[in-house]
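Asker: Protein sequence lines correspond, in order, to chains A and B.
Note that this note's numbering has the first sequence beginning at 4, numbered continuously upward.
Note that this note's numbering has the second sequence beginning at 270, numbered continuously upward.
I should point out that these hints are in silico values taken from the structure, not numbers from a laboratory.
On a predicted model such as this, the values are computed, not experimentally measured, just so you know.
The C-beta atom is built at its ideal place from N, Cα and C for all residues, glycine as well.
A few of these clues could be false.
What the hints assert, rightly or not - Using 27 Å as the maximum straight-line C-alpha spacing, the simulated BS3-like pairs for lysine-lysine come out as follows:
{"id": "1", "chain 1": "A", "residue 1": "Lys98", "chain 2": "B", "residue 2": "Lys318"}
{"id": "2", "chain 1": "A", "residue 1": "Lys60", "chain 2": "B", "residue 2": "Lys318"}
{"id": "3", "chain 1": "A", "residue 1": "Lys6", "chain 2": "B", "residue 2": "Lys337"}
{"id": "4", "chain 1": "B", "residue 1": "Lys330", "chain 2": "A", "residue 2": "Lys73"}
{"id": "5", "chain 1": "A", "residue 1": "Lys98", "chain 2": "A", "residue 2": "Lys21"}
{"id": "6", "chain 1": "B", "residue 1": "Lys330", "chain 2": "A", "residue 2": "Lys6"}
Unchecked claim - The following label-pair restraints were derived from C-beta to C-beta distances:
{"id": "7", "chain 1": "B", "residue 1": "Gly322", "chain 2": "A", "residue 2": "Glu20", "range": "27 to 33 Å"}
{"id": "8", "chain 1": "B", "residue 1": "Phe383", "chain 2": "A", "residue 2": "Lys74", "range": "45 to 51 Å"}
{"id": "9", "chain 1": "A", "residue 1": "Asp62", "chain 2": "B", "residue 2": "Thr299", "range": "18 to 24 Å"}
{"id": "10", "chain 1": "A", "residue 1": "Lys74", "chain 2": "B", "residue 2": "Leu325", "range": "35 to 41 Å"}
{"id": "11", "chain 1": "A", "residue 1": "Asp29", "chain 2": "B", "residue 2": "Lys337", "range": "36 to 42 Å"}
{"id": "12", "chain 1": "A", "residue 1": "Tyr13", "chain 2": "B", "residue 2": "Gln327", "range": "19 to 25 Å"}
{"id": "13", "chain 1": "B", "residue 1": "Ser349", "chain 2": "A", "residue 2": "Lys6", "range": "27 to 33 Å"}
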Amino acid sequence: DVKVTQSSRYLVKRTGEKVFLECVQDMDHENMFWYRQDPGLGLRLIYFSYDVKMKEKGDIPEGYSVSREKKERFSLILESASTNQTSMYLCASSKIIGPSTYEQYFGPGTRLTVT
Amino acid sequence: AQSVTQPDIHITVSEGASLELRCNYSYGATPYLFWYVQSPGQGLQLLLKYFSGDTLVQGIKGFEAEFKRSQSSFNLRKPSVHWSDAAEYFCAVGYLSYNTDKLIFGTGTRLQVFP
């Protein structure tokens, strides 16, 4: 089974702190994603990566950065956490085998509270 | 622009009753369509996906969905709901871009099941 793990289930940080959220997948997937989930808004894509050291902005990248130094690991960084970044963060990974064979596998999520 | 609409924010059904969750999409080409389920405190699990072929798709846990191009819909159904089906359900449209797959999610439908 594909496994996507996230370093923390719950995290509480103070405004202005630098926050690292870590994600690891064990299935040699090329693609990795960070989403933010908020009630009534569904999931919104923050950043994604299709290869080591490659990254692209998603729909809401402001206030975030990412790092992918190894294929299995994708980190989300909040340079200076703010209260409006309090949310559930979900990591996902995928591998495109063909034009009709792919799906994204999700981690359990990290609920981040910024006070 | 691609978008997904889930018109029902919250649905309540009795255990054993049938279920239909609505999903409408907007996408210029042939869509790739997905249904995910999120149990409380968990990540997302794929229920089923549609890429092409038979418009009635069978998934896990007894769920099925029907793709109707004329109505731009991909509604999720289950003939008899179990209490363990209480969760949040997300519809998504997928496409390929930047050498990776992208998903656009709806805002979700929360299902409550009464005994």
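Asker: For which of the previously enumerated hints does the structure constitute a violation, in increasing order of number?
Answerer: 3, 4, 5, 7 and 12
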